[in-house]
Amino acid sequence: MGLIVKTTARAIIPLIGIFGTYIVVHGHLTPGGGFQGGATIAGAGILFLVAFGLDEMKEQYNKSLYSALEGIGGLTFLGVAMLGMGVAFFYNTLWHNGPFFNGQPGTLLSAGYLPIMNLAVGLKVFTGLVSALTTIALYRRWKS
Amino acid sequence: MAFIAAFIWCYILWLGLTAGSSGLLWSSEELIAGLLFSAVVAYTTKGIIGEKASRFLNPIKWLEFIVYSIGPLFLGMVKANFHVAWLVITGKIRPGIVRVPVDLENDAQYTILSNSITLTPGTLTIDACPEEKALYVHWIDIPEGLERPENSEPVSGSFEKWARRLGR
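As given, the protein sequences belong to chains A and D, one line each in that order.
According to our numbering, the residues represented by the first sequence are 67 to 210, in order.
According to our numbering, the residues represented by the second sequence are 213 to 380, in order.
Think of the hints as simulated: they come from the structure by calculation, not from any bench.
Note that this is a predicted model, so its numbers are computed, not measured.
Be aware that a few hints might be false.
Going by beta-carbon spacing under 7 Å, a handful of chain D positions derived as facing chain A [what the hints assert, rightly or not]:
no. : residue
1   : F215
2   : I216
3   : A218
4   : W221
5   : F249
6   : T257
7   : I260
8   : I261
9   : G262
10  : N318
11  : D319
Calculated lysine to any residue pairs in the SDA-like style (CA-CA distance at most 25 Å, straight line) [to be verified]:
no. : chain 1 : residue 1 : chain 2 : residue 2
12  : D       : K258      : A       : E125
13  : D       : K258      : A       : Y132
14  : A       : K129      : A       : T142
15  : A       : K72       : D       : K345
16  : A       : K129      : D       : T256
17  : D       : K264      : A       : L113
18  : A       : K72       : D       : Y348
19  : D       : K258      : A       : I138
20  : A       : K124      : D       : K345
21  : A       : K72       : D       : N293
22  : D       : K264      : A       : K129
23  : A       : K72       : A       : N128
A virtual CB, placed ideally from N, CA and C, is assigned to each residue, including glycine.
Make a model of the complete structure from these sequences and hints.
This is the structure we're talking about:
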């Protein structure tokens, strides 16, 4: 892409990143959540891919790191769901008697395991979408 | 330095997004979460925002940006909108693409000038060519004899002076 698109992308990519993180972190308070925020952050990654081109993306993108982070996101979701295993699967023990994330409803540190799960889903969606789109962009050539 | 520039940019945006979490100000947990997530985003984007971005941390430059956006830029937009409304009513247009030589040094200056030209109706930046130090501008109503302008004065007024100053 041209000079103007590149320079604007330099300023806009941190903006999209922090806005997506805001959506993920406030998933239990405002509209949005893990998937919406993760897809927003993935939009920043795709903006990078489109604005700077595939060669630049090849240097920045690390397949093993993104693969591992996607796995960590899924495992965190599962691990948090197992926390209240003494009562039931998906039992929100952090909210009922946990040491943290049980503040006044409406504040950031409330809603038990939900913020952690939102972060896990956001990480998984971001890495998954960026990996998928980069793979499609890397597809060998136009013919056969 | 690039990390600090990205971090401050992210943290200001976070503060803007979460204002009002404790009265009209910020609750302490929002502030701490903002520090944490701004650091993560800034660490991942420090290679994108670029080493030279830290020059925009200068508060004098912020003041100049505010003065520019509510002064010359807003005034130019209002004037140009009425001009285009007049062109729409009368229908007398003389469109064309002109090459405008400019005297700018870096990417930020080109971006500020191109966006200012595009924001004022009647002119639209097609392409910025730093290697030949020129912009290609689509002009809806080229005055007679200005098909090959010597500088950006007839196209954009004082915007080039401001862009040179703001992006330095």
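Going down the list of hints, with the structure as the test:
no. : hint            : result
1   : F215            : 11 Å, violated
2   : I216            : 12 Å, violated
3   : A218            : 5 Å, holds
4   : W221            : 6 Å, holds
5   : F249            : 5 Å, holds
6   : T257            : 5 Å, holds
7   : I260            : 5 Å, holds
8   : I261            : 5 Å, holds
9   : G262            : 6 Å, holds
10  : N318            : 9 Å, violated
11  : D319            : 4 Å, holds
12  : D/K258 - A/E125 : 15 Å, holds
13  : D/K258 - A/Y132 : 18 Å, holds
14  : A/K129 - A/T142 : 20 Å, holds
15  : A/K72 - D/K345  : 17 Å, holds
16  : A/K129 - D/T256 : 16 Å, holds
17  : D/K264 - A/L113 : 21 Å, holds
18  : A/K72 - D/Y348  : 17 Å, holds
19  : D/K258 - A/I138 : 24 Å, holds
20  : A/K124 - D/K345 : 30 Å, violated
21  : A/K72 - D/N293  : 28 Å, violated
22  : D/K264 - A/K129 : 29 Å, violated
23  : A/K72 - A/N128  : 22 Å, holds
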